[in-house]
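Chemist: These are the residues of each chain, in order.
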Amino acid sequence: MLELKDIQVYYDGIHAIKGVSLTVPQGALITLVGSNGAGKSTLLRTICGLKRPSSGELRFKERNLLDMSVTRIVQMGISMVPEGRQIFPDLTVMENLRLGAFTRTDQDEIARDQERVFSLFPRLKERASQKGGTLSGGEQQMLAIARGLMARPSLLLMDEPSLGLAPILVEEVFRVIWEIHREGVTLLLIEQNAQAALAIADYGYVMESGSIVLQGKGEDLLHDEAVRRAYLGQDIGA
Amino acid sequence: MTLEIFLQNAANGITLGSLYALLAIGYTMVYGILRLINFAHGEIFMISTYFAFYGTAIFALPWQVAFVVAIVLTALLGVVIERAAYRPLRDAPRISALISAIGVSFLMANLGLVIFGGRPKTFYRPPIFQVPIELGGVRVVALFFVIPLLTAILLVALNYIVYKTKTGLAMRAAQWDFDTTRLMGVDVDRAISITFAIGSALAAVGGIMWGLRFAEINPNMGLFPGLKCFIAAVFGGIGNISGAVLGGFILGFGEIMLVAFLPGLAGYRDAFAFVVLILILLVRPTGLLGDKQRVKV
Ligand SMILES: Nc1ncnc2c1ncn2[C@@H]1O[C@H](COP(=O)(O)OP(=O)(O)OP(=O)(O)O)[C@@H](O)[C@H]1O
Ligand SMILES: [Mg+2]
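One line per chain: the protein sequences are D and C, in this order. In this text, residue positions in the first sequence follow this note's numbering: the first is 1, and each later residue adds one. In this text, residue positions in the second sequence follow this note's numbering: the first is 1, and each later residue adds one.
I should point out that these hints are in silico values taken from the structure, not numbers from a laboratory. Treat the hints with caution; some may be incorrect.
As the list claims (entries may be wrong) - Derived contacts from chain C toward chain D, CB cut-off under 10 Å, selection only:
1) Q175
2) L183
3) V188
4) E216
5) R284
6) P285
7) T286
Claimed, not checked - Derived PhoX-like pairs (lysine-lysine); straight-line CA-CA distance at most 25 Å:
8) D:K131 <-> C:K166
9) D:K51 <-> D:K61
10) D:K125 <-> C:K121
We treat Cβ as the ideally placed atom computed from N, Cα and C, and that holds for glycine.
Next up, chain D with everything else stripped away, as it sits in the complex:
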């Protein structure tokens, strides 16, 4: 469904992505793990069109994304839950959700999706008319995910959705991710919490300073010696 081939990305001379190739099949839950600064967020921004690669191929549903505007890419069915709870703090929960469905015109279906995200996150319903900025960190993360779902995406990109959350909320986030996956949404998930991510992923990629250094089935990576040492906290020094 999504295919990246030899993608290269630079920031003013900094080579952030060094030839990444990656495939996300329809319906799959793919995860991308890697240490800080590996280039994971940059890769997601590139897929959305917020950052343009200097070379490489980027296809979604057989269509070339490289000459599409971000708006067009969103309309194609790609939605992102950005890093660090980028909700709109001055807008209400309801308005945040409405922005998620911005490119859609099917009012009835939007209303239905709204009910769906409210049943997924009952807390958001209680706080529907509250400003986003007044929510707790965990609630803001829920809102960011809910907003991403309001686009009714066929591919949802999630950038470290569990970052900085209390363990009980991390569990909650993973429960929701699993739920979304089960409903048939294709997912590309970036996680610091490699253990949990690899455990639920169909397939995983490990990224290191701009390159994919390892890939394989989620559970295989989970049991890989190198991965365990580097990302699963079995070697503090790494």
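Mind docking chain C with the ligands on chain D? Use the hints.
Modeler: Frame of chain D; chain C with the ligands shown alone:
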């Protein structure tokens, strides 16, 4: 001071306050979305009066048509200025766009001088606005009712656009962060263009009513109203539309009352706004309705 004279002054104050409010909104809306003081806004206001002047005087259009055309052209002018002078500097340090804005302001004032000539022109005033109306013992011309009324209608319409439509939602989202807004599928460039169009159109309505009120226009007329309305926007809390309206009314009303109650200070009427600016910056730098400054990410 008799009650009658006071009411006369109040009518003057409300009228001037309305005009300031209309102009101040443009500053605050552009600042809200771009974090830029659009110094060219006063000149946009000035040029709108010339559009209306040429429409009536040279092209001999019916005044209704001429005024509407002037408003539309001014909205386009605002959009073009953003495209040409601000958009290319979007990713440059903020000071670059600010300098560009000052440059556009000077450019337009001087172009105005060259094209329109330095001599003031007489603005066409349709007789309908000069019909005297008597209310509670005070006689004023119809214009004194038209200006606040039209301003109120425009404020309601603006409020509707900003808070009830999808376009308004996109504009408010873009105030927070462009990239996150783009991820929603919003065309941020379009939201910015619409912001300039609305701000400039309101400045044009203010400009035309200014012409109707004071009868004379000249290429330098953008300077003081522009500065004062920028101050009004800061006073009210820059970025906040209600704040700009409040600031505009307080400044306009205050200026008239200063002259009315302390005629000895009449010569300082233009300084009044600056005193207000200094006071607000000392006492409450975020303005009357501004909340704590949010850093745009
Ligand atoms: N806007 C930018 N300008 C310049 N360099 C950038 C920019 N954004 C990211 N980088 C650089 O690109 C590299 C990859 O950054 P990126 O944010 O993609 O990493 P990441 O894998 O998401 O890290 P983290 O796990 O900390 O979120 C880093 O070296 C970073 O410093
Ligand atoms: Mg990141």
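Chemist: Taking the least C-beta to C-beta distance, is C:P285 closer than 10 Å to chain D?
Modeler: 19 Å, violated
Chemist: Verify the interface restraint on C:T286: the C-beta must sit less than 10 Å from at least one C-beta of chain D.
Modeler: 15 Å, violated
Chemist: Does the CB of C:E216 sit less than 10 Å away from some CB of chain D?
Modeler: With a closest approach of 42 Å, the C:E216 hint is violated.
Chemist: When you check the alpha-carbon spacing of D:K131 and C:K166, does it fall within 25 Å?
Modeler: 18 Å, holds
Chemist: When you check the alpha-carbon spacing of D:K51 and D:K61, does it fall within 25 Å?
Modeler: 20 Å, holds
Chemist: Are C:L183 and chain D close enough, Cβ to Cβ, to be under 10 Å, as the hint says?
Modeler: 5 Å, holds
Chemist: So, as I understand it, the hint says C:Q175 touches chain D; can you test that by seeing if any CB pair is closer than 10 Å?
Modeler: 7 Å, holds
Chemist: Is it true that the CA of D:K125 sits at most 25 Å from the CA of C:K121?
Modeler: Given pair D:K125, C:K121 is violated - Cα atoms ~60 Å apart, limit 25 Å.
Chemist: Is the interface hint satisfied for C:R284? The criterion is a beta-carbon contact with chain D at less than 10 Å.
Modeler: 20 Å, violated
Chemist: Tell me if C:V188 is really an interface residue toward chain D, meaning its C-beta lies closer than 10 Å to one of theirs.
Modeler: This interface hint holds because 9 Å falls under the 10 Å limit.
The structure does not agree with the numbered hints 4, 5, 6, 7 and 10 stated previously, though it agrees with the rest.
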